[in-house]
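Residue-level listing of the chains:
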Amino acid sequence: MADLTLVDSTLRDGSHAKRHQLTVEQVVTVAGALDRAGVDVIEVSHGDGLGGASFNYGFSLTDEFELIAAAVGAVERARIAVLLLPGIGVKEDLARARELGASVTRVATHSTEADIAPSHLAFARELGFKTCGFLMMAHMNSPQGLLEQAKIMEAAGAATVYVTDSAGALMPDTVKARVGALREGLEGGTEVGFHGHENLSLSIANSVAGHEAGATWIDGCTCGLGAGAGNAPTEVLTAVFEKLGVEVNAETFPMLDVAEDVVRPIMDRPQVVDRASLLLGYAGVYSSFLLHAERAAERFEVSTKDILVEVGNRKAVGGQEDLIIEIAAELARAPA
Amino acid sequence: MSEKVPCAILGSGNIGTDLMYKLQRSDTLEPRAMVGIDPDSDGLRRAAAAGLDTSAEGVDWIVAHPEECSFVFEATSAGAHRANAPKIAAAGLQSIDLTPAKLGPGVVPVVNLEQHREAADVNMITCGGQATIPMVAAVSAVTPVPYAEIVATIASLSAGPGTRESIDAFTRTTAKGLEEIGGAERGKAIIVLNPAEPPLMMRDTVFCQIDADADRDAIRASIEAMREKVATYVPGYRLRGEPQFDDGRVAIFVEVEGAADYLPAYAGNLDIMTAAAVAVGEELARLRQATEVAA
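Heads up: the protein sequence lines correspond to chains A and B, in order.
Per our numbering: the first sequence = residues 1 to 336.
Per our numbering: the second sequence = residues 1001 to 1295.
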C-alpha cells in the first residue's frame, strides 16, 4: 500500500502551457506512458476544467471529451480524473465524463468560495466518482479560513480536499500551516491534497512539506508542463519521495523516460522561472494568466510585467482572464 | 395625467426592499404593499415606515387584496414563486418574477418586452443576463453573431445562498437568454465570484463572434446606443473602455454600479435586477394605460 496517491495533471494543467492544443495522439501517448510508469491518477480536461473551451480561456483544438475517452482507452490501471470549476462547467459535463469512463472528479473553487461546490460534489459522488475538493489560490485564505472552506467540501462528500497553490505563492511553512490545519480539522477518513506550482522554484519543496504535514494526494505534471512556471515535475516528485522513503506506486526510472522521451518532445517551450512567471508567485497571481498576459502584451504593445502587476493590484481570482485584455487596453491608452 | 398603477412586492428581503425604494421614485407605478413571511424583517419595517401596507401572511394576503395591485413583483425564491404563481394568476394579477423560477418568458426591457406584454408571468432571467443580453442584441442587430460568450464577475458578498447553491442555473439560463433574446446562435455564460475587499463592482465581459469584415463603426454605434438605453433605467450601467475587435470577435467591457437604494453600490448585479424589473413594470403599465385609453 502506497503512502500517497500521485496525480499527474500534464493533460489538464499542461493544457494551459499547450494553449489547449493537445491532440488525441498526444493524450494517448502520454496517458499510456504514465499508466505504465505507475502514476495513480491522470487528469484530463481543458486547463480551466470541463467547459473551459471559450473565448475567455482559449478554445480547445480537440473536444475535451474526445481526449478523456482517448485517455480512458489508453490506460490499464490508472484512474482518469476531470476538473470542474462551478460557474464554468456544469453537472451535465460531469455526467458525460463519467459515461466516458472518468472515475475521479476534482471540483475547484476559489479558496473562499467553497459553497458553490456542494451540489457538484454531491452529484459527482452519486455518479460514482471519487470526489476531491480543490481550494484554489490557497495563499489568499488563512489556514483557519481554509479549514472552514474545506469542511464545506467535506460535508458535501469530498473524500479529499486540496490546498491548491494556483499562484505558486506559498512557501514550505505556509504550505505546512494550511495542510496541517486541514489534516487536524477534517475527519480522519478525509484525505488532504497539495497542488504546487514552480513560480518561486518551490514546487518540490512545498510538496514535500505538504506531505510531511499530512497531505496524501500530491499533484505533479511531467516535466512540470503546466500553467505559469509549471507544476511540480512528476518525475522529480517520484524520485524525491523514493529517496525520502515515501512509498509511491510510480517508479523513478520509468518516469524519467516518460519525461524525457514522451512529454519533453511535445512541449512548446521549456518550463522556466522567468521574469513574468516569477512575478506570478511573488505577487500571488493565478498561474494560467501568464500566456494570456503575454499575448495581450504583444497585441497592445505593453509589458507583460505591468499587466500582471495590475492584475495583482485588482485582486483578481482564477477565471478572470477577461480582465487582462481590459487592463492591457488601459495601459496602452495611458500616457507613458 | 393618469393615475399611477398600484403594485405589490412579494418578499421582504434585500431585493424586495431595494425594489420598494426604486418603485417609490416611479412616475407610473405606486408600491402599495409589501408582503413577506417574517413579521420582524427589516424590509417590512421599512415598508411600514414608508407608508405601504404590510403583511407577513405571504401570497394569500395579496390574493385577498387584489385592489392593492395590478402587478406583483416576486422577490422570494424560485420554489416560493412556483407555489405562488398559480394563485397570483387566478386572482387576475400579473407577476414580474425576479427569482430563477422561469415560469414565464424571460424579458429584457429594451430588447424583447413588447413581445410578452400579455404574459401572465414574465421572468427577469439573471443579473448577468440583464447586463449582457442588451449588448449581444446590439451586435446581432448589425451583424450575425454565431456565438456569444459572457463572463460575469461579481463581488462574493453580493452572491446570496440561492445563487451559490444553483450556480449551474445561472450559467444555463443566461446562456439561453443570449441565444433566445440576444440573437446569438449559440451562447455560453461564465460566472466568477471575487472576494476582494473593498468589494468590486459587477463587471461583465461580452464576447461576440462576428465576421472579420463586419462593419465595426456600425457595431460601435449600436453598442453605444444600447448602453444609453439601458442607462435610462440603470444609471450605473457603463462601458469600460472601447469595444476591442480581434480575430473575428468583439469584446465589450461592462461595469454596473448599483444605485445604492438599499443594497451597496458594488452590488450592481442585484441593482440591475431590481432596476430592470421596475422598467418592465413601468412599460407594462404604460402599455396597459394605452390600451385602456384606446378602449
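Hints are computed from structural coordinates only; laboratory data are not their basis.
Please note that the accuracy of each hint is not assured.
As the list claims (entries may be wrong) - Calculated cross-link-like contacts (lysine-lysine; reagent style DSS-like; alpha-carbon spacing at most 25 Å):
hint	chain 1	residue 1	chain 2	residue 2
1	B	Lys1102	B	Lys1087
2	A	Lys130	A	Lys91
3	A	Lys151	A	Lys91
4	B	Lys1102	A	Lys91
5	A	Lys315	A	Lys305
6	A	Lys91	B	Lys1176
Note that the structure is predicted; figures quoted are calculated from it, not measured.
_Those earlier numbered hints the structure runs against, lowest number first_ = Nothing - there is no hint that the structure violates, so all of them hold.
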